[in-house]
Amino acid sequence: MTEAPLYGLMAEFDNPTDLVQACKASYAAGYRRMDAYSPYPLEEAADAIGFHKTRVPLVVLCGGILGGTFAYLLQYWINVFSYPLNIGGRPLHSWPAFIVPTFELTILFAGIAAVVGMLGLNGLPQPYHPVFNNPRFSAATKDRFFLCIEAADPQFDRIQTQRFMESFNPRDVSEVAD
Amino acid sequence: METSPESNATPVLERLLPDQPAVLGPGHTMGTVTDKITAIVLRRPMTLGWLGGFVIAFTMLNMLVLAVGYLFFKGTGIWGINIPVGWGFAIINFVWWVGIGHAGTLISAILLLLKQNWRNSINRFAEAMTLFAVACAGMFPLIHTGRPWLAYWLFPYPSSMGVWPQFRSPLVWDVFAVSTYATISALFWFIGLIPDLATFRDQAKNPWTKRIYGLLSMGWRGSARHWKRYESAYLLLAGLATPLVLSVHTVVSFDFAIAIVPGWHTTIFPPYFVAGAIYSGFAMVLVLAIPIRKFYGVEDMITLRHLDNAAKVMLATGLIVAYGYSMEAFFAYYSGNFWERFMFLNRATGPMSWAYVMLILFNILIPQLLWFRKVRMSPPMLFMVSVVVLVGMWLERFVIVVVSLTRDFLPSSWGRYTATRWDYMTFAGTLGLFFTAMLLFIRVMPSITIFEMRTLLPESKVQEEVAAHD
Chain A
25 MTEAPLYGLM AEFDNPTDLV QACKASYAAG YRRMDAYSPY PLEEAADAIG FHKTRVPLVV
85 LCGGILGGTF AYLLQYWINV FSYPLNIGGR PLHSWPAFIV PTFELTILFA GIAAVVGMLG
145 LNGLPQPYHP VFNNPRFSAA TKDRFFLCIE AADPQFDRIQ TQRFMESFNP RDVSEVAD
Chain B
47 METSPESNAT PVLERLLPDQ PAVLGPGHTM GTVTDKITAI VLRRPMTLGW LGGFVIAFTM
107 LNMLVLAVGY LFFKGTGIWG INIPVGWGFA IINFVWWVGI GHAGTLISAI LLLLKQNWRN
167 SINRFAEAMT LFAVACAGMF PLIHTGRPWL AYWLFPYPSS MGVWPQFRSP LVWDVFAVST
227 YATISALFWF IGLIPDLATF RDQAKNPWTK RIYGLLSMGW RGSARHWKRY ESAYLLLAGL
287 ATPLVLSVHT VVSFDFAIAI VPGWHTTIFP PYFVAGAIYS GFAMVLVLAI PIRKFYGVED
347 MITLRHLDNA AKVMLATGLI VAYGYSMEAF FAYYSGNFWE RFMFLNRATG PMSWAYVMLI
407 LFNILIPQLL WFRKVRMSPP MLFMVSVVVL VGMWLERFVI VVVSLTRDFL PSSWGRYTAT
467 RWDYMTFAGT LGLFFTAMLL FIRVMPSITI FEMRTLLPES KVQEEVAAHD
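So the sequences go chain by chain: A and B.
One point on numbering: in the working numbering, the residue at position 6 of the first sequence is 30, and numbering is uninterrupted.
One point on numbering: in the working numbering, the residue at position 370 of the second sequence is 416, and numbering is uninterrupted.
There's no promise every hint is true.
[Stated by the list, open to error] Result set (DSBU-like, lysine-lysine): computed pairs, CA atoms no more than 35 Å apart in a straight line:
id: 1; chain 1: A; residue 1: K166; chain 2: B; residue 2: K82
id: 2; chain 1: A; residue 1: K166; chain 2: B; residue 2: K256
id: 3; chain 1: B; residue 1: K340; chain 2: B; residue 2: K161
id: 4; chain 1: B; residue 1: K82; chain 2: A; residue 2: K48
id: 5; chain 1: A; residue 1: K166; chain 2: B; residue 2: K340
id: 6; chain 1: B; residue 1: K120; chain 2: A; residue 2: K166
id: 7; chain 1: B; residue 1: K256; chain 2: A; residue 2: K77
Please keep in mind that the hints were generated in silico from the structure rather than gathered at the bench.
Looking at chain A on its own, in the form it has when it is part of the complex (with noise of 0.2 Å):
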């Protein structure tokens, strides 16, 4: 057991309560590297580990105002440089006619942007992750929430930590192998 390189702690709980106020206490003890699993989104919780800002909005802002430009530039220079063409005698920067496009790709670019920021900042897909060793941990999708403090938080003890833990009355506690 002692052997294995360990990646931390989990402590398993039954309702999300509990998963607060544990995730609190451990981040009042001056634990940092650790994360809360729940079933569901929990918002508490991301705030009780310290994890208050995202910055998937400005991904997205970034996205919107790189489609929108692109799509006018790009129609401003076909219609007037590159192709320009008389359509009933309508100016060849009719502007008008080129918002639509503009909206279109504003809210293409800022959508992909939303989608591959949130999953690129969260680091996935990631195939493999040391915490789906605890095999307990499949409830974290279904009805059980978990906090694991990491071997690598440096106040990280193996037995003080587990006693840390166990004060909080979660169901389990157990190691989760690297």
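Once you've looked at the hints, dock chain B against the given chain A.
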């Protein structure tokens, strides 16, 4: 941690009026919600009913392959289209299918932003419906071009021919609108699926099933950090998809409104097309939801409350559509324009007046039944009204496309239009494509969003007063 007085209240899912059905039946926990929805795919054996439905749908899909195959071989001459009616069934079906897709986006995006959490159990299959409806719709302009293998010419790409698309044409706008809509719908649908696919991965017993869902779920593990970014991205996608609900059918209506054909050239088109789209879309949602809840025993998840709400949305959008029709008639009279007046009289009393009469009956008169709570609470009645509305919305596009084109300005250029058997086969074929895809989807994907159903349970809320003592 600071808590506001409101958040100290005990979590109440919702306040119900007397005799109002709940959004989620009583007695559910996170475990039972998960088990029930995963069992539909992972535990339930294939039933004879599903197989029967699949055989019918798949046969119709093969008819589509046949019809389109012959079309590629012979050209669009096998259809009933000719001058003056160059659009015919292809454009009618295109508009009809795109419209149906709209309800899915409305449910998943707009109702999410409005915090209407009753949407949680119907949004997944409504999004799938959008995706498949847009796939059916997108096919029609492609095959209508006559040379679908050259359809990529519509995209602006640096071609060796040195030509570019003409961006002042609504047909090019359509390419952008529909392809953006299809892409965003697919992304929205897939992002919503990831946590549920992870549930499938963890619940599956068969190692291959586990592997496939594992691949699709991309290693999702429900980390709090991931959920935070996920919620942020999901909300932003909903915000981005919201203007699409309004814009796609607006752009589709521009195909008509930018033209000078009498009966098309009106400013009322964009809003009334969008309302009609949502109208027919909710009708299709009901046509799908009513059998699904019955055959898969999920009447406690897709409850009468959902049917009631969907019926109310139909009633409201149906009245907007009725307003659109009356305004068309009013404009024809009030504009003093000879051609507009003639167009309206021709619609109502001309050789194809049967279509207009049926349209008014199916789209305006019969749906008024939805004012009665008894009808809204009766799934069979609701199903029938929905089918009537779907037929009515198809007739609406038939009246707009065909009646206006058969008699435009000069009597010397008037004509008649009759669809051929290939037209009917292609249309029925896309219904086959749609239902084949829907049936397969129900068998292999979670057709109800599991993780959002969990948030409907009171036990999913963090009890703040306990945390405050800490």
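Structure-based check of each hint:
1. A:K166 / B:K82: Holds: A:K166 and B:K82 sit about 12 Å apart, inside 35 Å.
2. A:K166 / B:K256: 15 Å, holds
3. B:K340 / B:K161: Roughly 27 Å separates the two Cα atoms, so the pair holds.
4. B:K82 / A:K48: 33 Å, holds
5. A:K166 / B:K340: OK: A:K166 and B:K340 at ~25 Å, within 35 Å.
6. B:K120 / A:K166: Not OK: B:K120 and A:K166 at ~55 Å, beyond 35 Å, violated.
7. B:K256 / A:K77: With a Cα-Cα distance of about 33 Å, the restraint between B:K256 and A:K77 holds, given a limit of 35 Å.
In terms of the numbered hints stated before, the structure departs from hint 6 and from no other.
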